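Colleague: Here is how the chains run, residue by residue.
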Amino acid sequence: MSGLFNPRRFTAMLVKEGLQIARDPSTFLIAFVLPILLLFLFGYGVNLDTARSRIGIVQADGSQAAQSLAGAYQGSQWFDVVATGTVSQLSPDLVAGRIRGIVVIPDGFGRQVAQGGGTIQVLTDGSMPNTASFIGAYAEGVRATWAAARGAGRGMVAAPPIQTAARFWFNPELKSRYNLVPGAIAVVMTMVGTLLTALVIAREWERGTLEALMATPVGMAEFIATKVVPYFLLALGSMTLCTVLAIFVFGVPFRGSPLALLAIASTFLFPALGQGLLISAATKNQFVASQVALLSAFLPTMLLSGFLFEISSMPKPIQAITYLVPSRYLIPQLQTVFIAGDDWGLFLPDMAALIGFGLVFFILAVRATRRRIA
Amino acid sequence: MGQPAPDIPPADIPPAGMTVADCAVASVQGLTKRFAGQPAPALDAVSMAIVPGRMTGLVGPDGAGKTTLIRILAGLIDPDAGQARVFGRPATDTDRSMIGYMPQRFGLYEDLTVMENLRLYADLRGLAPADRAASFDRLLDFTDLRRFTARLAGNLSGGMKQKLGLACAMVRAPRLLLLDEPGVGVDPVSRRELWQMVKDLATDGIGVLWSTAYLDEAEKCDSVTLLNEGRVLYDGPPQALTDRVRDRVVRVAVPGAGRRVTLQHALDDPAILDGTVQGDALRLMVAADAPVPSAAALGLAPGSLIEPARPRFEDAFIDLLGGGPSGTSQLAQNYRQIPESDAPAIVADRLTRRFGEFTAADHVSFTVPRGQIFGLLGPNGAGKSTTFKMLCGLLTPSEGTGAVAGFDLRRAKADARQSLGYMAQKFSLYGDLSVRQNLNFFAGTYGLRGAAARDAIDRAIAVFHLDRYLNANSGTMPLGFKQRLALACAVLHQPPVLFLDEPTSGVDPLVRREFWTHINGMVEKGVTVLVTTHFMDEAEYCDRATLIYRARQIATGTPDELKALAGKSDATMEDAFIALIEASDMQREAA
Chain A
1 MSGLFNPRRF
11 TAMLVKEGLQ
21 IARDPSTFLI
31 AFVLPILLLF
41 LFGYGVNLDT
51 ARSRIGIVQA
61 DGSQAAQSLA
71 GAYQGSQWFD
81 VVATGTVSQL
91 SPDLVAGRIR
101 GIVVIPDGFG
111 RQVAQGGGTI
121 QVLTDGSMPN
131 TASFIGAYAE
141 GVRATWAAAR
151 GAGRGMVAAP
161 PIQTAARFWF
171 NPELKSRYNL
181 VPGAIAVVMT
191 MVGTLLTALV
201 IAREWERGTL
211 EALMATPVGM
221 AEFIATKVVP
231 YFLLALGSMT
241 LCTVLAIFVF
251 GVPFRGSPLA
261 LLAIASTFLF
271 PALGQGLLIS
281 AATKNQFVAS
291 QVALLSAFLP
301 TMLLSGFLFE
311 ISSMPKPIQA
321 ITYLVPSRYL
331 IPQLQTVFIA
341 GDDWGLFLPD
351 MAALIGFGLV
361 FFILAVRATR
371 RRIA
Chain B
1 MGQPAPDIPP
11 ADIPPAGMTV
21 ADCAVASVQG
31 LTKRFAGQPA
41 PALDAVSMAI
51 VPGRMTGLVG
61 PDGAGKTTLI
71 RILAGLIDPD
81 AGQARVFGRP
91 ATDTDRSMIG
101 YMPQRFGLYE
111 DLTVMENLRL
121 YADLRGLAPA
131 DRAASFDRLL
141 DFTDLRRFTA
151 RLAGNLSGGM
161 KQKLGLACAM
171 VRAPRLLLLD
181 EPGVGVDPVS
191 RRELWQMVKD
201 LATDGIGVLW
211 STAYLDEAEK
221 CDSVTLLNEG
231 RVLYDGPPQA
241 LTDRVRDRVV
251 RVAVPGAGRR
261 VTLQHALDDP
271 AILDGTVQGD
281 ALRLMVAADA
291 PVPSAAALGL
301 APGSLIEPAR
311 PRFEDAFIDL
321 LGGGPSGTSQ
331 LAQNYRQIPE
341 SDAPAIVADR
351 LTRRFGEFTA
361 ADHVSFTVPR
371 GQIFGLLGPN
381 GAGKSTTFKM
391 LCGLLTPSEG
401 TGAVAGFDLR
411 RAKADARQSL
421 GYMAQKFSLY
431 GDLSVRQNLN
441 FFAGTYGLRG
451 AAARDAIDRA
461 IAVFHLDRYL
471 NANSGTMPLG
481 FKQRLALACA
491 VLHQPPVLFL
501 DEPTSGVDPL
511 VRREFWTHIN
521 GMVEKGVTVL
531 VTTHFMDEAE
541 YCDRATLIYR
551 ARQIATGTPD
561 ELKALAGKSD
571 ATMEDAFIAL
581 IEASDMQREA
591 A
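Taken in sequence, the protein lines are chains A and B. With the numbering used here, the residue at position 66 of the first sequence is 66, and numbering never jumps. With the numbering used here, the residue at position 339 of the second sequence is 339, and numbering never jumps.
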């Protein structure tokens, strides 16, 4: 026997893998076309920022105060007042989604204001909770600002006892694109690292080529290594493409160092590739492998990594589950390296977690890839 | 062939007085392997040895355990009991660079070129770079692939893939060559060429294990291990087994159309173990202690020629299994009588199909009268299936016309289809439906209702012994039963015309005999059968046959006429096939 590792066999297998990657259009699609599509989708298509909302106003009070408040809503940068009338006139619009909320200035509002009060009602569509709470809060904000301005104009001090002065660090305009684009890089690396790797080994099982390989002196460790190295490089290539696009096309700031980004991506690819190897060793079938990879890697990255949905606002049991999703440890690192800068104090614990996952996946994958057909 | 002999260590040279097992390159002893979920073991206490310099045949029907045994020898499966030793070490821990293994699917990378595949396997098997040029030269000449070195392996024909697979297995001269059904799905010409190549290697001192379901290949091996249902039925030189049926095989000349009826009577006689049609004659094997029957006993005119015939390995195999089925087909007995008619049952008139630049079938014409068997023969990809599909109405001809049971294909597709039963080449029933559900479904699609459907299904279950599997998913049945179910579904509505595409591919000789008993019986009831087969001896059952090669008909006639074209007196159908194809190639090159 010529030992466990033989450079000639290893090189021959790498060359073979490279030729296959170069000749397989689906590899190219997943590694380079899909990332571009995803980036454009998350860069332009998905926007979590608040924009102007369409509302209606019911002004049941003819007083000057009510007129003035209604004017404040008209002039607000958060709202487009598109309809006025009674509640019963406007409610069909709310139900149909033509407007997102109704601000009711009730009868007697002027009198209440004169007595130092003033209550309004805000009707929103609870079937869209985010929008509903947003409109409720902003409507109240407009009213408070109006009341403060009015009090100030009369020389009265009506300001609330405590005021917050919010200042957003790193992303002062609160542009969600800044968070989404680095998140998309996580999705792309999951696709290339886990999905492609799962597919290529399953393909060797399906086509019977692995059977022929196993009858040669190639060691299983060599075989796995020749699958890991090309797809590791391919995933880094996709990551680089995404980063360049993020910076130059989407104007996402990059405040960290390329070295840190490389370190972050590499530690993430360790569990991602390990998971792909494990899936293909366990399924030996391309169709099943792709399903398992989508369910166990792609969907958790989309839903549970904190990329689209804030983990801290998830129910506790779901939050607990997110600790098992490797990309959960990648997203904060990517977001930090892009919009905040190098923060090794944050990176290192997450990297340690990723390496831990990687070890588990690789040990399981190596154990599952025995040199046996049955 | 000038190939350097692999350096065989002294231990492998059989010193005088040693047994075969002592000098074997590989051997198995008491090997047993059971797969989860399978009631019967795949291998049951199997012992055999592979000796250098000899062709060892591993023979048996599908599911006999051949692939499992080869994979254990290649170190890819751990046996449950017993041991497998290669080069004196356990098979899972031996020098793999000295084993050449060609799996059933060749193990080629279809997206790499011929040369890239060779280079990959050369590096994996540790061929020294200095020896590379010489080895590639020799293999490319040997396999005649030199013109195709830059072609992707996926774009090679079946025969060329097989040769490349062999080249990859031998790129570093091995001491043990394991070939898993290298002849399957390849035309007889390529099979014969491959056999010769491997035979030359064995002569150079390599131990070769050649697994096959073709019993005629077994006959040519130096030693044969015959497997059936995981057990060794016979291990030794093939001639010794064939000798057991010496003087028990006769050839009976039966002029005219009576041979099917005569065969049926003969097989109903318990003293006759097996019988097949051979053109205008029958080949019968009598039981060990029974006398050879007289012409009168067979219902033939006195003085009919009954002469001894050379026994074949297949005869011995069937003898070992206790003889073939009886001659009367229950299926045929219950079949309706198809009305007499002078009109031909199947007409193909210059049927042509083009796919872009490529012509898959080129002016194929033939006529089959009612109550005859017509064979479409030819290598894979020659155009048999295309012709078949055009006649079934599944593919519209680019040119020409066809008719089945008097219905024009272009105008009355539905009527034409209703009057034919079709058994596709691959198992095309619903694998995840039970046997009964499949039968119900096909009865429904052929318009059988109520009592008629129930009767047809009950008959099919009884005739094909399907009761054992009624509620099992049909995909999990052994191949023989799948084929039986496919035939059962195709004849539920008792069609006047039957299309059978490779009906006996991969099944054991007994199931093949059973199928032909049914087919012969139905033909006697007036059914017309169009059949494709790659078992050349089965072509002998045909009343007439046409040989299709590269989309064209190169010969048409009765089996005896076709055999006569081979130019030898005792030519087999396979000889005829090869001779005709070679003649056609020569003509093409001359043109």
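For the record, the hints were derived by calculation from the structure and aren't laboratory data. Values in this document were obtained by computation on a predicted structure and should not be read as measured data. Incorrect hints may have been included.
As the list claims (entries may be wrong) - DMTMM-like, lysine to aspartate or glutamate: derived pairs with alpha carbons at most 20 angstroms apart: (1) LYS284(A) <-> ASP78(B); (2) LYS389(B) <-> ASP415(B); (3) LYS525(B) <-> ASP268(B); (4) LYS426(B) <-> GLU206(A); (5) LYS199(B) <-> ASP216(B); (6) LYS220(B) <-> ASP204(B); (7) LYS284(A) <-> GLU110(B); (8) LYS284(A) <-> GLU206(A); (9) LYS199(B) <-> GLU110(B).
What the hints assert, rightly or not - To give a feel for the contact side, a few chain B residues facing chain A, derived at Cβ under 10 angstroms: (10) ALA74; (11) ILE77; (12) ALA81; (13) GLY100; (14) TYR101; (15) PRO103; (16) GLY107; (17) LEU178; (18) ASP222; (19) HIS493; (20) GLN494.
Note that the Cβ used here is the ideal one computed from N, Cα and C, for glycine as well.
Colleague: Run every hint past the structure and note whether it holds.
Modeller: Now for the hints, and whether the structure bears them out:
| no. | hint | verdict |
| --- | --- | --- |
| 1 | LYS284(A) <-> ASP78(B) | holds, 19 angstroms |
| 2 | LYS389(B) <-> ASP415(B) | holds, 16 angstroms |
| 3 | LYS525(B) <-> ASP268(B) | holds, 18 angstroms |
| 4 | LYS426(B) <-> GLU206(A) | holds, 19 angstroms |
| 5 | LYS199(B) <-> ASP216(B) | holds, 15 angstroms |
| 6 | LYS220(B) <-> ASP204(B) | holds, 17 angstroms |
| 7 | LYS284(A) <-> GLU110(B) | holds, 18 angstroms |
| 8 | LYS284(A) <-> GLU206(A) | holds, 7 angstroms |
| 9 | LYS199(B) <-> GLU110(B) | violated, 27 angstroms |
| 10 | ALA74 | holds, 4 angstroms |
| 11 | ILE77 | holds, 5 angstroms |
| 12 | ALA81 | violated, 15 angstroms |
| 13 | GLY100 | holds, 8 angstroms |
| 14 | TYR101 | holds, 4 angstroms |
| 15 | PRO103 | holds, 5 angstroms |
| 16 | GLY107 | holds, 2 angstroms |
| 17 | LEU178 | holds, 8 angstroms |
| 18 | ASP222 | violated, 24 angstroms |
| 19 | HIS493 | violated, 36 angstroms |
| 20 | GLN494 | violated, 40 angstroms |
In this structure, the hints that do not hold are numbers 9, 12, 18, 19, 20, in rising order.
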